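J.: The whole structure should be built from the sequences, with the hints applied where relevant.
The primary structure of each chain is shown beneath.
Protein chains: 2
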Amino acid sequence: MPAPRQFLNYVDANANNFIKRLADAVAIPSVSGDASYRPDVFRMAEFLEKQLKSVGCEVRPVPLGKQVLDGQEIDLPPALLASIGNDPSKKTILCYGHFDVQPALKSDGWDTEPFTLLVDEKTGRLIGRGSTDDKGPVLGWVNVLQAHKELGIPLPVNLKFCFEGMEENGSEGLDGLIEKEAQKGGFFEGVDAVCISDNYWLNTRTPCLTYGLRGICYYKVTISGPARDLHSGAYGGTVYEPMTDLIQLFSKLVTPTGKILIPGVNELVAPLTDEERERYEKIDYGVEDIEESVGAQIAISEDKAEVLMARMRYPSLSLHGIEGAFSAPGAKTVIPAKVSGKFSIRVVPNQTPEQLDPLVSRYLEFEFAKLLSKNKLSVESLHGGKPWVADPNHWNYVAASRATQAIYNLEPDLTREGGSIPVTLTFAEQLGVNVLLLPMGRGDDGAHSTNEKLDRSNYIEGTKLLGTYLYEVGAIQKD
Amino acid sequence: MPAPRQFLNYVDANANNFIKRLADAVAIPSVSGDASYRPDVFRMAEFLEKQLKSVGCEVRPVPLGKQVLDGQEIDLPPALLASIGNDPSKKTILCYGHFDVQPALKSDGWDTEPFTLLVDEKTGRLIGRGSTDDKGPVLGWVNVLQAHKELGIPLPVNLKFCFEGMEENGSEGLDGLIEKEAQKGGFFEGVDAVCISDNYWLNTRTPCLTYGLRGICYYKVTISGPARDLHSGAYGGTVYEPMTDLIQLFSKLVTPTGKILIPGVNELVAPLTDEERERYEKIDYGVEDIEESVGAQIAISEDKAEVLMARMRYPSLSLHGIEGAFSAPGAKTVIPAKVSGKFSIRVVPNQTPEQLDPLVSRYLEFEFAKLLSKNKLSVESLHGGKPWVADPNHWNYVAASRATQAIYNLEPDLTREGGSIPVTLTFAEQLGVNVLLLPMGRGDDGAHSTNEKLDRSNYIEGTKLLGTYLYEVGAIQKD
Ligand SMILES: [Zn+2]
Ligand SMILES: [Zn+2]
Ligand SMILES: [Zn+2]
Ligand SMILES: [Zn+2]
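For the protein sequence lines, the chains are A and B, in the order given.
Okay, so the first sequence: first residue is 1 according to UniProt numbering, each after it adds one.
Okay, so the second sequence: first residue is 1 according to UniProt numbering, each after it adds one.
This list has only true hints and no planted wrong ones.
Copies of the same chain look alike in the list, so a pair counts if it works inside one copy or between any two.
DSSO-like, lysine-lysine: derived pairs with alpha carbons at most 27 Å apart:
1. Lys376 to Lys338
2. Lys106 to Lys332
3. Lys374 to Lys259
4. Lys332 to Lys376
5. Lys376 to Lys252
6. Lys220 to Lys332
7. Lys338 to Lys220
8. Lys338 to Lys304
9. Lys332 to Lys374
10. Lys252 to Lys374
11. Lys20 to Lys149
Calculated directly from the structure, the hints in this document are not laboratory data.
Since the structure is predicted, the reported quantities are computational estimates derived from the model, not experimental observations.
T.: Take a look at the structure:
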């Protein structure tokens, strides 16, 4: 069931009002990672609360307690739990978004003031911090509700919203809230599916639906030897050097082509089905896109599906660096006494941190023993997060796919992301329902970079997309 | 020929005056590596010039031009060229030393004011910056001359002195001066041998003579890939990662037991003779000493001679660190775009930087090609210095050995050092004569550390040693 024509017309007619709404939101520098901006995050919560109320929502700001940031104990910004509609014959969709942003200073290299939305009439870009991540998508929902209120037409589903102000800083406090409200009688009771609009198209051309995220296992491998740093003139050749041992261990983790060498790790990967492989073949993103976005011709595979699968459905291991070794410019002849190598594995179904941690530790201990070094090894897991994957054939995805075709006249790419959005997994696990990632912005929006933008067409068509998605959800028989 | 009894008695009788002289010198903070102390380095040069003149030397301060330090162009401190005696029937010995010091602040962790010599009557330690490095040894020569002047006895040799004020900061300007004065008609004409007192006994018990130094070849290996740092979530698995390549290369340089894997490097090492091996067997320094000084039981060999040879006569390769990778505490999921690994090889006869540089480059290029990576490799030599070794059977060493036995009643250890003292090589090459390293201080003096000290007995017996060495040189028939 397509959205009513009058809804789509209303969005077009009110485009400038919607852009004004985004400009008002961008003007509030709700940077969650800097204590000095905390009052602005609160101000942003109030702004959004008011917006939601004005379009018919009931809103409950939930205090999340305190945190220590930049050496001071400060209040966490509230999460906003909002709802509209309570018709038991309709489906209930939970929408998640965040109203905090990454830091931004003009001096970082912005061409314009980051907290003043610039509407570039020539390129159609709406430039400003938070435009695409994640104020544009959050306000997209408000726009949809405004249209329905003003037009006096009922919503095709019941809606609940969970908007937070700490996403860019670890979503502190949110997991506890979700766990609590997912219980019987909690705010999330009765939710049939979740829709999160907080990621991006792979490219600049083709909308996508995202049904998977890799998890991560991050490790710190420490080798310690002498009691203090040594001079390589006096001691080079006489003692076991921690750096030599660490480099040997690190060389045994992954090959230049990305093959993980830790026994048992690859064996845990879910087998590839023909259907899934086809999905990669169909995605509008290729080796050239990868190479263009990294700025060098260094793709490991020349096969499009292989490259996409390497990012989306296979694990990868990256060596990030070494703490404690000489890392400055110049030439220092030090034998570092204690060095800690950092690496992480992006994990995929069916790998879990619980399974990987012992595989990694045991392998490193085994390989270290082979070195016959007299230095000491320790392996720590710094953090771990599970991968997530949803069923892209679920009605939630079917509805989003139909909506995309209705608005963009294109079949959306079915993608998985290489990174993690931890809240996705929390919703999936706590609510036990299907979660859909339905992005509004494009792959070149520069979410955490300078000159972050959201294209005007993505904002306006994206608002239509969110509304249409609700109609497509409503049209599917509730089971 | 032992030194005359009256000389030795004079030194004992004037010990407190000599300590006062050292205290006066330590009180001048002649830190060469910090522009704000430069006037003190000049003051120290004047102090030393006056001292040398007062004991009968002709002294010529030689300006060495300018340098840029801490962003300002400032005058280099002068070198002092001094001489006493001009008897063609006597040998001529050139003595080198330096009157500048390492930086020192009480807040670095000193127990006392670093530029106030503390005479610790209980332990016999003379504590202060420059006490052992290198003001004590330099003033040892002045003490010897004072004794001869006061006693009215002739010196057994002609003496020339070359004292500089930039040793701790790269000896800037000195090489040019030595080259110039080594020419026919120059100040160094007629020098029969050189004596440098600017290193230390291996241990705290046994005097030594040092006849070799390792050189160094320092390399920077850069791998560059993407145009900017990447996020491992989005790109891990899809592109060749510079860190992975660098770790692979670094793992092929040296084994945990210190074996250098670059073909051709070990083959250049001068063969070991039985006589030389015996020298290591006789040295009063063992595996326990090494382990005590590094503070951990991590010696590679349990054989004393092997450990000593590893430090003194074999090359070693140390991996110092990586520039451009993640080196801070914490967990960052970065794929660094460009990483530069630093390593150096301590080189020994008959290895030279000219021979090693191409061996190293070619090997790294060869191994990199085997990785089949699409990243780029570059190899740079950051600096190179040749090793030095002298003939320990030369009369210069024989004289020093006899003097040591006369003063300490011990046969000196014949040692080589693992690090480099570049001026040694310059004198050996430019003057074409034997160079002797005759240390005054002990292995635990802490030359560049907090609480630098020179034991009172090393200063006083060391003064006797320097004087006696001149008598033993004088007693050997001039050829
Ligand atoms: Zn976001
Ligand atoms: Zn973000
Ligand atoms: Zn020195
Ligand atoms: Zn020094």
